[in-house]
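Protein chains: 2
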Amino acid sequence: MQKVRIAIDAMGGDYAPLEIVKGGIEAAKTLDCKIILVGKKEQIEKIALENHSCCTDNIEILDAPDDIAMDEKNPARAVRKSPGSSIYIANKLVADGKADAVIAAGHTGAATAASLLILKRISGFERPCICTIIPTTKSRMYLIDGGSNIETSAEQMLQSALIGKLLAGLVLNKENPRIGLLNVGSEEGKGTDKYQLAYSLLQQESSLNFIGNVEGKTIIDDTCDVAVCDGFTGNIHLKALEGGLKAMSEGLKQAINNGGALAKLGGLILKNSGVFNKLRDHFHPDSYGGALLGGLNGISLISHGSSSAEAIKNACKQAKLLVEKNILEDIKNSL
Amino acid sequence: MQKVRIAIDAMGGDYAPLEIVKGGIEAAKTLDCKIILVGKKEQIEKIALENHSCCTDNIEILDAPDDIAMDEKNPARAVRKSPGSSIYIANKLVADGKADAVIAAGHTGAATAASLLILKRISGFERPCICTIIPTTKSRMYLIDGGSNIETSAEQMLQSALIGKLLAGLVLNKENPRIGLLNVGSEEGKGTDKYQLAYSLLQQESSLNFIGNVEGKTIIDDTCDVAVCDGFTGNIHLKALEGGLKAMSEGLKQAINNGGALAKLGGLILKNSGVFNKLRDHFHPDSYGGALLGGLNGISLISHGSSSAEAIKNACKQAKLLVEKNILEDIKNSL
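Chain order of the listed sequences is B and W.
Taken in order, the first sequence gives residues 1 to 335; the numbers are from the working numbering.
Taken in order, the second sequence gives residues 1 to 335; the numbers are from the working numbering.
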């Protein structure tokens, strides 16, 4: 069998190209897949040479000379105007069958626009949705849409649920995944008209294990495997959750540092016991690596803007799994 | 000067009437205000006698014989049908000038409906908004609307900002409070048409220190003092934040308990150093106690369903401050 080929936009993300390239090289070394690093060739080669005895057979570097003309208000136009940019070329590799998946960190709007423009939608699927993995106290789950489509319709929420079911099964190994509608209360009838309509569509879809409305304060306890909502709501949820996780870990650090000798001793012991690393591994987004853009004719993963090498490597791992299990075929069949 | 009189619905909340009554008694003893406990008189007297040498001059118990006929889909109708219920009578005391503020824990919908029905709106104010205090890593801030009005208009978000400015100054001692619009990105032009309109209304209001769009992952770092949004979005944010805070503290507990002898020792030392109590004091909603229902002709505070005695006492403290500083007059003048 041919190795899975993953194109990575080496220029996107807060720590690009350094962390992105390092993550790609790490993936090429450990995951038995081929990595195509797309971006400013000289910069990428320099990092590759400095960090590793470049280049194994699993790594290819492809030059993308242009910067993307960023235009916040219209990322689609920005992408169209920049066919020589790394994000454009990386997506084009997938569209042309020269790569099996694309990974981009950094500007979500531009990455979504590029994949939408170049990979195109699956017929019947109006807008891509960001399928984000979030932590629960015990496990992980999917939140869809994480912010691709700020005015997701009720019908689109149903499509998100169908994709989420497949992903939760494949990536998180959940059997008969429990699907919830993220809402402002758990009772039926909660939320806007659109949410009430989404509720009834989800309820009518017999292929789904729909458990009703769910809330942010309860899904954290692993009460469902997929929560669907519109992209505005999903993005608000994700960022508030990120804020909450950060606040508590920062608060703990501060309280230890300002708590006197005893607090510092306790903190030191906990650190040495591995407790803090364990927490980080479970809750940090780098440990999942990326979110599939659902509903497109190609595997495209978006990583967090602050992605480290670890995040990129983990995104590659996820991408490889999705390609090998042929998730695209399953998604097309489910719609 | 007459003592501030606070009516408390003793029957609302997960731990009612026990915790509510205990909190009210604690407030009466320590805050130099008069507490009127409204509910099943026999039950309240029993708790009061068991817990304290009832009753000081600062406590009055008022019988409310009826249960509220709860109707999830229409809490307003449920309240109207139950004039003998504790939530109705407690609000009526304020409307009749027999109390200066009302506090209710438990069902937010019913509490909001009762205050809206009985205290009525300030002229020009279409819908009440829940003015929630949330933690940041260093301080506290207001999030408005916390979930009273799931389809808040852009104009109503402006009104929320005007109330938030007053509250952040009075309750949190913030000078020239920084006002942000909670959105899915920090750049101008983000969000739905409604959010773009709210942005321009907030920008045009010269009395406000408007700092633009803000996000859940950044406001946690104390970057603004008031974030406004529609009630659906605010409720999603609050519950995701609550989930995030809980996940990290539960995760820490689990990692300590399952981390072996060294982890347990570190955890024990940290506990004895007071670090965990300090974290709880800063992040737990009981330490703020309640959220003002803004835009009504009376001071009405809603407390979390899981309110403890501490939460009720702290809500009384907040209510007393709002009454003494005559916030209602300021709100009316600001609109």
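Accuracy of the hints is not assured; some may be wrong.
What the hints assert, rightly or not - For each label pair, taking beta carbons as the anchor points, the in silico distance ranges come out as:
| # | chain 1 | residue 1 | chain 2 | residue 2 | range |
| --- | --- | --- | --- | --- | --- |
| 1 | B | Lys325 | W | Ser207 | 51 to 59 Å |
| 2 | W | Gln196 | B | Asp66 | 54 to 62 Å |
| 3 | W | Glu205 | B | Gln204 | 55 to 63 Å |
| 4 | W | Glu205 | B | Pro83 | 53 to 61 Å |
| 5 | B | Gln204 | W | Leu172 | 41 to 49 Å |
As the list claims (entries may be wrong) - Taking lysine-lysine pairs in the DSBU-like style, the calculated list, with each CA pair at most 30 Å apart, reads:
| # | chain 1 | residue 1 | chain 2 | residue 2 |
| --- | --- | --- | --- | --- |
| 6 | W | Lys73 | B | Lys264 |
| 7 | W | Lys253 | B | Lys253 |
| 8 | B | Lys317 | W | Lys217 |
| 9 | B | Lys264 | W | Lys278 |
| 10 | B | Lys278 | B | Lys138 |
Read the hints as simulated data drawn from the structure, not as lab findings.
Virtual Cβ for every residue (Gly too), placed ideally from N, Cα, C.
Now for the hints, and whether the structure bears them out:
1. A C-beta distance of roughly 57 Å is found between B:Lys325 and W:Ser207, which places it inside the suggested range of 51 to 59 Å.
2. For W:Gln196 paired with B:Asp66, a C-beta distance near 31 Å fails the hint of 54 to 62 Å.
3. Between W:Glu205 and B:Gln204 the C-beta distance comes to about 45 Å, which lies outside the given range of 55 to 63 Å.
4. One distance hint, 53 to 61 Å for the beta-carbon pair W:Glu205 and B:Pro83, is violated here, with the actual separation near 44 Å.
5. Distance hint check for B:Gln204 and W:Leu172: the Cβ-Cβ separation is about 47 Å, which falls inside the suggested range of 41 to 49 Å.
6. With a C-alpha separation of about 52 Å, the suggested pair W:Lys73 and B:Lys264 falls outside the 30 Å cut-off, and the hint is violated.
7. For the proposed pair W:Lys253 and B:Lys253, the alpha carbon gap of about 15 Å is at most 30 Å, so the pair holds.
8. The suggested pairing of B:Lys317 with W:Lys217 holds, with an alpha-carbon distance near 27 Å, which does not exceed 30 Å.
9. In summary, the hint linking B:Lys264 to W:Lys278 is supported, as the alpha carbons are separated by about 14 Å, within the 30 Å threshold.
10. Distance restraint check for B:Lys278 and B:Lys138: the Cα-Cα separation of roughly 12 Å lies within the 30 Å cut-off, and the hinted pair is therefore satisfied.
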